[in-house]
Amino acid sequence: MATASVEIKVTAEIAAEHGLSAPEYARVQQILGRDPNITELGIFSVMWSEHCSYKSSKVHLKRLPVRGKLVVQGPGENAGVVDIGDGLVAAFKIESHNHPSFVEPFQGATTGVGGILRDIFTMGARPIAVLDSLRFGPITADDSAPAVPPETIAKNRRILDGVIRGIANYGNSFGVPTIGGEVGFEPCYSQNPLVNALALGIAKKEDLFFARARGTGNPVIYVGAKTGRDGIHGASLLASAEFTEESQQKRPNVQVGDPFVEKLLLEACLEAMTTGAVVAIQDMGAAGLTCSTTEMASRGGTGIEIDLARVPQRESGMTPYEIMLSESQERMLLVAEKGRESEVLQVFKKWGLDAVVVGEVADGGLLRVKDHGLVVAEIPAHPLAEEGPVYQRPIARPPRKEESAADWFVFAPEKKNLTNNFKRLLASPAISSKGWITEQYDTMVRTNTLAVPGAGDAAVVRIKGTKRALALATDGNGRWCQLNPRLGAMHAVAEAARNVACSGAKPIAATNCLNFGSPEKPEVMWQFSEAIDGLAAACNELETPITGGNVSFYNETLGSSIYPTPVIGILGVMEDATNVLKMAFRDDGDIVVLLDGLGVASDSSGASRSNGSGSHVAREFSSSEYSKTVGGIVAGQPPAIDLPAEKRLQQGLVALAASRSIQSAHDISDGGLAVTVAESCFASAAARKSGETLGTRIRIEDRNPAESAVFGERGARAVISVSPASLNAVLQMAQRYGVGAVEIGRVTADGIFSIELNGSAIIEESVETLRDIWAQSLERALKQ
Amino acid sequence: MKFGVVVFPGSNCDHDAFYAISNVLHQPVEFIWHQSEDLANCDAVILPGGFAHGDYLRTGALARFSPVMKSVKTFAKSGGLVLGICNGFQILLEAGLLPGAVMRNIGLRYICRHVHIRVENNATPFTQAAAPRQILKIPIAHNDGNYTADPLTLAELQKNEQIVFRYTSADGEDDAAGNPNGSMENIAGICNRERNVTGLMPHPERAVESALDSADGLVIFRSMVESLVASAKASA
Chain A
1 MATASVEIKV TAEIAAEHGL SAPEYARVQQ ILGRDPNITE LGIFSVMWSE HCSYKSSKVH
61 LKRLPVRGKL VVQGPGENAG VVDIGDGLVA AFKIESHNHP SFVEPFQGAT TGVGGILRDI
121 FTMGARPIAV LDSLRFGPIT ADDSAPAVPP ETIAKNRRIL DGVIRGIANY GNSFGVPTIG
181 GEVGFEPCYS QNPLVNALAL GIAKKEDLFF ARARGTGNPV IYVGAKTGRD GIHGASLLAS
241 AEFTEESQQK RPNVQVGDPF VEKLLLEACL EAMTTGAVVA IQDMGAAGLT CSTTEMASRG
301 GTGIEIDLAR VPQRESGMTP YEIMLSESQE RMLLVAEKGR ESEVLQVFKK WGLDAVVVGE
361 VADGGLLRVK DHGLVVAEIP AHPLAEEGPV YQRPIARPPR KEESAADWFV FAPEKKNLTN
421 NFKRLLASPA ISSKGWITEQ YDTMVRTNTL AVPGAGDAAV VRIKGTKRAL ALATDGNGRW
481 CQLNPRLGAM HAVAEAARNV ACSGAKPIAA TNCLNFGSPE KPEVMWQFSE AIDGLAAACN
541 ELETPITGGN VSFYNETLGS SIYPTPVIGI LGVMEDATNV LKMAFRDDGD IVVLLDGLGV
601 ASDSSGASRS NGSGSHVARE FSSSEYSKTV GGIVAGQPPA IDLPAEKRLQ QGLVALAASR
661 SIQSAHDISD GGLAVTVAES CFASAAARKS GETLGTRIRI EDRNPAESAV FGERGARAVI
721 SVSPASLNAV LQMAQRYGVG AVEIGRVTAD GIFSIELNGS AIIEESVETL RDIWAQSLER
781 ALKQ
Chain B
1 MKFGVVVFPG SNCDHDAFYA ISNVLHQPVE FIWHQSEDLA NCDAVILPGG FAHGDYLRTG
61 ALARFSPVMK SVKTFAKSGG LVLGICNGFQ ILLEAGLLPG AVMRNIGLRY ICRHVHIRVE
121 NNATPFTQAA APRQILKIPI AHNDGNYTAD PLTLAELQKN EQIVFRYTSA DGEDDAAGNP
181 NGSMENIAGI CNRERNVTGL MPHPERAVES ALDSADGLVI FRSMVESLVA SAKASA
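In order, the protein sequences belong to chains A and B. Sequence positions in the first sequence follow our numbering and run 1 to 784. Sequence positions in the second sequence follow our numbering and run 1 to 236.
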């Protein structure tokens with residue numbers, strides 16, 4: 001198919017090979033009033049692919065909240081845009097590059113980062129941060145997990161290594177700090193890793209650019225890298241079909257990235273925009289020249305006419321089909337003001353980039369593609385972009401597995417010492433330090449990074465020239481979504497927002513990347529629909545409208561789906577950057593306080609309070625990281641969620657940060673209270689001049705089983721540390737926000753980490769010993 | 001005292017150096033495009049970090065052919081202050097303005113983190129404001145920082161006290177664990193015999209404010225300003 005030529009006579013069979021169903025092909029014929037030629041068929045097939053058209057997700061995405069008083073641009077443009085004050089806006093978006101990253105991890109990841117960066121600077125915003133949300137198959141042969149073959153583990157490690165190198169290679173060279181995100185491991189991602197890249201940029205509000213062609217006769221200019229045969233059908237064949245044994249042969253469908261050219265493109269585009277001669281601009285990402293011409297024309301309500309003979313080409317003999325469908329990277333299409341094109345071309349020449357007038361904006365609403373003057377494709381742009389198929393796919397709730405206590409985690413006997421189990425948890429790839437990964441990223445370039453990865457719950461970048469800072473966090477718990485997609489999705493929003501609030505910033509908007517299996521399976525569509533409802537509920541309650549993102553379906557290998565994995569990125573604003581909070585304990589003698597959005601109660605358990613029965617606690621605990629790592633059990637239900645409690649906690653944290661009365665803040669999530677407190681100890685080493693690691697002595701009362709009390713993952717909680725002099729003021733402030741605040745211990749300098757429950761020590765160990773396990777485990781696992 | 005920050009295609013710490021000079025040191029500074037042979041009457045030139053020309057072929061290998069380098073060489077020969085940071089250091093090595101070469105980091109991975117370096121020679125225009133053997137906490141961010149030279153060159157560097165910075169432990173001790181990239185003699189930065197050209201792998205411009213976790217890099221820029229003020233007075 002890759003070398004199709006114009007002369008091929010299109011039949012229904014060829015349409016089917018292009019992924020167009022019989023009704024879809026009939027619709028193509030109807031729009032054209034004739035049979036398409038092969039180039040036109042190629043154009044329809046990519047535009048109407050799942051990846052580009054959202055045909056299975058559209059009807060559900062409508063239920064997401066997308067409006068808010070700070071939203072400048074919601075879904076539908078290259079990126080979402082929100083007002084961040086001082087006349088500035090933030091453009092941000094998250095996107096997946098899952099399939100390419102499995103087929104060719106390094107290039108798959110680099111081009112994922114490159115694509116999302118272009119989406120940001122296309123809007124006139126300079127990228128200031130990148131985050132990555134990654135999921136891989138197991139990289140250790142954990143004895144308690146279901147056995148994973150050694151060759152799978154070895155392959156997972158190679159994928160992880162390639163992805164990390166790819167992300168690092170692109171971001172480091174481009175000059176944007178890669179400062180956060182998360183990494184998770186589950187067997188379902190072995191054949192289908194998730195690589196979701198989020199980019200954030202800022203611009204002056206009046207300097208924003210949009211991808212709407214206008215002005216008949218205005219020149220259409222192609223800029224950036226030359227077009228080659230790489231990535232043809234990336235969007236339609238790689239991203240919109242499930243994997244089979246032959247998928248590795250699709251390596252030629254993966255694009256190749258060049259961060260150096262992207263850097264030049266960034267500087268040249270931003271400089272060209274200052275000339276005032278640029279009317280509209282769109283990057284060439286998925287579906288390349290096809291998508292950029294069609295969408296610019298459709299959004300602007302105009303037509304576009306281009307001649308492919310003028311397109312800069314990397315190889316000779318490319319057919320119109322190949323040129324239109326190429327996904328070569330680092331290319332942009334822009335519309336300039338007629339008569340002023342030389343001003344624009346001059347800028348690109350300075351930066352050593354190709355910039356060629358390839359066509360013009362035309363009346364009549366047609367996408368007309370010529371090759372040496374001969375028309376090779378002629379399609380009405382608006383129907384092509386907007387009137388593609390929309391499906392209300394069948395939905396079916398999978399049969400509910402009846403669970404009983406026998407399926408759930410069995411708690412250890414009372415007063416059992418849990419130190420060894422705690423060490424196993426700290427050593428697990430999910431919980432252990434990701435320092436080995438993040439050290440390969442340039443986290444500091446542009447000198448705005450106020451919280452490097454691991455220093456705080458969110459990535460924080462200041463905005464030079466203002467007092468402000470932005471905070472960003474991503475979250476998504478596939479295991480919880482597998483057990484309960486609606487609840488799991490709500491937790492993803494709540495946790496990302498809680499992370500942002502823990503840094504001292506007020507959460508204001510969201511972006512989402514929805515990673516699911518095949519939409520043709522009714523149970524996957526049920527998961528999708530449930531997750532959308534969960535996201536909508538949480539984003540409404542927490543006032544974080546969704547401004548954009550993407551949907552990645554067909555995350556399946558050999559018929560089995562990944563866990564449904566909606567990944568949420570939350571953006572927050574801090575009015576005074578000097579209020580930034582980090583997780584590190586700061587001083588010996590500080591008081592450790594547990595904040596709880598549910599209010600003060602006699603215990604501060606990791607178990608939900610909705611029901612005190614023992615079986616309820618076991619059922620909920622069976623979904624925890626500890627249950628998976630220590631007990632080898634993944635079952636039950638995620639913790640119940642109380643969104644108003646989450647909101648109270650977040651508002652309380654933001655107020656406490658602004659009052660500058662607390663020393664540190666860290667939310668409770670994976671691994672529960674014990675891991676949270678331990679991470680605050682571990683982070684103290686880097687934050688203190690002396691380099692010593694502070695310890696802590698925690699004393700809690702709880703009627704629930706010990707493991708649930710210290711490793712339970714109920715939300716709406718955070719651990720802060722406070723100097724003794726500020727304690728009363730902090731407790732009062734928490735109370736004003738309806739947040740429970742209980743003193744649970746002290747920061748110590750004796751090098752001991754201990755947790756006492758109801759008067760008995762259940763964890764006690766040298767903090768350096770624990771830190772070594774936590775800090776080294778990932779690297780040790782990868783070097784096995 | 002005007003500073004010039006050279007912008008190669010692919011430089012990405014140019015803005016950071018510019019900001020440190022203008023907003024933290026409050027000195028005049030301007031960008032110099034790599035195709036310009038005019039150094040705009042700058043009193044000191046900074047070659048910033050990044051990936052000049054994509055670092056294709058070899059770090060700094062293409063950048064040394066940029067037209068601006070002809071002027072930078074003339075400027076250096078006439079005693080002008082030239083500071084190369086990270087990629088800028090690599091370019092100075094390729095251009096022959098400093099001896100030796102850098103190879104891939106010993107672990108074959110990019111490393112970005114704070115390290116500690118010790119000022120080995122505070123009698124240079126880049127370190128004169130530092131205390132003898134002062135320890136600076138400054139970040140590194142590179143793929144290729146593994147400094148290498150032949151034994152004769154190394155001996156020369158030692159003899160002429162051209163080794164300006166060495167990686168150390170946090171408390172300033174020489175130890176292998178403090179050396180992030182495998183560089184010979186724990187070398188983090190060197191100068192030429194005349195002391196007016198210095199290159200280092202760590203990024204002092206990333207350590208100029210306490211909000212960025214360290215302000216230890218300021219001493220290098222302050223030294224440059226002090227030195228320029230002194231020589232301006234001397235020639236006045």
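Each hint should be verified, as a subset may be incorrect.
[Claimed, not checked] When the alpha-carbon atoms are kept at most 30 Å apart in a straight line, the in silico DSS-like pairs for lysine-lysine are as follows:
no., chain 1, residue 1, chain 2, residue 2
1, A, Lys350, B, Lys137
2, A, Lys350, B, Lys73
3, B, Lys2, A, Lys350
4, A, Lys434, B, Lys137
[Claimed, not checked] Output of the computed footprint for chain A on chain B, the stretches with three or more beta carbons under 8 Å from beta carbons of chain A:
no., region
5, 61-70
6, 101-112
7, 214-220
By construction, these hints were calculated from the structure, which means they are not laboratory data. All C-beta atoms in this analysis are idealised placements derived from N, C-alpha and C, irrespective of residue type, glycine included.
Going down the list of hints, with the structure as the test:
1. A:Lys350 - B:Lys137: violated, 38 Å
2. A:Lys350 - B:Lys73: Distance of about 24 Å is within 30 Å: holds.
3. B:Lys2 - A:Lys350: holds, 25 Å
4. A:Lys434 - B:Lys137: holds, 22 Å
5. 61-70: Result for this restraint: violated, n = 0.
6. 101-112: holds (count 4)
7. 214-220: Violated, because only 0 residues of the region 214-220 of chain B bring their Cβ atoms closer than 8 Å to Cβ atoms of chain A.
When held up to the earlier numbered hints, the structure conflicts with 1, 5, 7 and fits the remainder.
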